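Asks: In the order they appear, the protein sequences are chains A and B. For the first sequence, the tail end lands on 223 under our numbering, and the numbers increase by one without skipping. For the second sequence, the tail end lands on 557 under our numbering, and the numbers increase by one without skipping.
Among the hints, a few may not be true.
[To be verified] Subject to a maximum C-alpha distance of 27 angstroms in a straight line, what follows is the list of computed DSS-like cross-link-like pairs (lysine-lysine):
{"id": "1", "chain 1": "A", "residue 1": "160", "chain 2": "B", "residue 2": "90"}
{"id": "2", "chain 1": "A", "residue 1": "194", "chain 2": "B", "residue 2": "120"}
{"id": "3", "chain 1": "A", "residue 1": "98", "chain 2": "A", "residue 2": "53"}
{"id": "4", "chain 1": "B", "residue 1": "273", "chain 2": "A", "residue 2": "194"}
[Unchecked claim] On the chain B side, residues computed to face chain A include the following (Cβ under 10 angstroms):
{"id": "5", "residue": "122"}
{"id": "6", "residue": "191"}
{"id": "7", "residue": "438"}
{"id": "8", "residue": "439"}
Honestly, the hints are just simulated from the structure, not real lab data. Keep in mind that this is a model prediction, so the values were computed, not measured. No residue lacks a Cβ here, since even glycine has one placed at the ideal position from N, Cα and C.
Each chain, written out:
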Amino acid sequence: MRIQPWVFRSCSALLALLIWSLVLKPDASAAVDLNTVQTMVAAGKVAELKALGRDVLPVMARLYEASDPVQRTRIAQTFYALGWKSAEAKRALIKDVHTPNQQLRLEVQWALGRVSSDADVVEVLLNNMQHDGNPLFRDKAACALASDQIHLTERQKVRLYAGLIQALGDPKPDVRRIAMLALQIQTGQTKGFNPDAPIPERDAKIREWKQWLEEYKSNL
Amino acid sequence: MARRIQIQLIALFCFLATAASGQTNSSNILVSYSFDDAQLATGPDTFAVFARSRGTVRLNGANRLSGYRSVEIRDMAGDGDFPELQGYFAPRSKGKLFLHFGFMTATPYEEFNIALAGPQWFNLRKDGIGFWLKTREGHLCQVSDSMPKKLFLVEPFVWYVVNGIYDIDQGSYDLVIHKEGIQKPVVSLARQANASNQPGSVVDKFSFIGDTNEDKSNVTYYVDDVMVGIDESIVHLPFVAPGRKKLFIDYWNEAQRTRRSQPGPIEAVGLADFGIRQKQMEALKAAGLWELLLRLINGQAGLSDVPQDPSSDIQRLLQAVGLWGEGAKALRDQKAADALKRFDEAAARVPSAKIYAMNAVLSLAALQQWDAVDQRLSAIYADWQDDLRLPPAMATIGLARQRLDEAEQWLRGPAEQIPDEIGQDLLRRLRSGAMTPELLQQLKLRFPDNWDDYLKDVFVAEQYFLVLLWKHQIVDAERFAQRMADRYEALGIPNSRWYERMGDAAFLLGNFTMALERYEKGLKEHEQSPGILVKLSDVYFRMGDLENERLYREKIYGTIGSE
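When you get a sec, could you build the whole thing from the sequences and use the hints?
Replies: Written as structure tokens, this is what we have:
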């Protein structure tokens, strides 16, 4: 029987990493040094890295900053898989949040919300979702906002919701669509917002969403 | 994400769930768990228990809303996962569902979550979460229209009973929550939008967990009397509050009704009965043998199903459970010699499992081998002293023994002439209930010719008292206990156990003031005795003193927590 946990999101890269890592035996005795971490990251040994504890995070951040884009992509995937908060990781990753390197950009956008709940992470992803020139990056920034802001408190989500609701009024149809999708994944509802509806109809629904946000804030 | 994906089914050991009380039509009940009495096999149509990492889901006899047990859900922050009790019922896509359950938390500022969900599992979406309660900063909140809304500040160690009418078609619900001891509901809300404000959202499961995301919760909370159905009477079930429908004494009464004349096997109430603790649970999980253990416990597998390849410790553990199952069946079938053999073999494999040895004693009682009964009982007595199951077991042994009038002889005869202090001290310890294998050894050395007579005196007296109670000769039982207490006092022997027994008799007679006085006297020499604490809590409950009822309940929690 399929049993599913409370929180769910599919991510093939993460699954691959986890499955890979689960078939390998952990070696908790390994020291947290750059070479060990580098080897584990390269081999996708997430379970082993987890066994080493959170001390691996600053080491991984240093490694990230010293690596080429291919390695950075792998390290960003690993940060994502670990899902641990880390100021060092966030500081390293956010430098690449505008990189034109496609693979690296996607992994960085996905990983940021899993290493940090800082407001600037949400801000930069909202900005990418609305203003990046590449529709793929916009779309994947919305995915990150929808599913990967795992450390946000209910209070911190106010900024996320406000940004997504504001993006419902974006002139670009794809932005309205992905903003709505992100909001729907976050809240489970659309309140009848149709991104392709005429402006007055959309505005009416945006007002409804804004009222909802006010009520949300009043319950905090 | 590991919390999301690395699901490990490590605990399915549960006992059920008899039907709830009230006037509900059983055909309209989709789910009904009170966690008492008979066995329940877990599975896709009933419920599953996930005790992931260091978190646990287990039966608890000390804190319960009704009956003898509730389920305790205990989460551990930073362990990478969360414990969960998850139940299933046939999907409902229209109409109304009626929901009833009780919860109590020891730690209101630690997060827990309770939800009703559908085929899209525990996500905020259509056919996902429909009804969701959670704690946040000490408050109980409902998640309605995709936002948590504060309901009230939760008090620790207080039972709350939730009644909900969930309208699937409308995507809304009515919610009434009662707090124990208060007539008026603390929450009474109508037409609340469901969790994600989705009309027609299918539901087919419920869940009780710790926290969902951050793994920061150290919650310990209790759940009891879970009912889901399509009959409105479910939400009109009487809140037995302030409290519990059954008290410690009810276990005794029920045992009286069900126990046969021949000694039968004592029932298991937890994994510790089998010597299974966290370490063994993890080893069983790691070896992929957890489900086999559950099937062995539930009688769905036998000794022959135990594989030969696991590490020897685990193999011994599983074999012992298999032997226990065979032994229990043999004892029920009045094949006491076969039963004894099985229980002894089980005990030899896992000496730390207390249930095998007790069942061996009951087998010996059925075989009328009284010297062996007394010797073995003395070796395990300390493990069972505060166990709810001991008094009915002792009464059963007493009934089988028959010649209990010997108990009166000891009272009538002159006090023993024990010249030396060591001998007197040994007898004092024996009679005060401080029975251990070491004491037994010392007794044998000091009294090589008649040590077993002293042992028999002690057991016969206790069994005599319990048989009198069993036969409803409560006044006689009380008088006997009083005389025993007086005699002990005269001999300088701690007599708190006899005061506890006098308290039991007074309780059965309905004299709660007297029961209270005697239990409190009994507690003087056993301040942390969970057995007396639970009885004191029950007496205060019966007297309507909820403050003290709760005080003693909290003390019991303290003793559990410090284990």
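Asks: Now, for every hint given, state plainly whether the structure supports it.
Replies: Hints, one by one, checked against the model:
1. A/160 / B/90: 33 angstroms, violated
2. A/194 / B/120: 12 angstroms, holds
3. A/98 / A/53: This hinted pair holds, its Cα atoms lying about 25 angstroms apart.
4. B/273 / A/194: 50 angstroms, violated
5. 122: 6 angstroms, holds
6. 191: Since chain A brings a Cβ to about 5 angstroms from residue 191 of chain B, closer than 10 angstroms, the hint holds.
7. 438: At about 49 angstroms, which exceeds the 10 angstroms cut-off, the nearest Cβ of chain A leaves the hint on residue 438 of chain B violated.
8. 439: This hint is violated: residue 439 of chain B lies away from chain A, its Cβ roughly 49 angstroms from the closest one there, beyond 10 angstroms.
Figure legend: structure checked against the earlier numbered hints; hints not met, in rising order: 1, 4, 7, 8.
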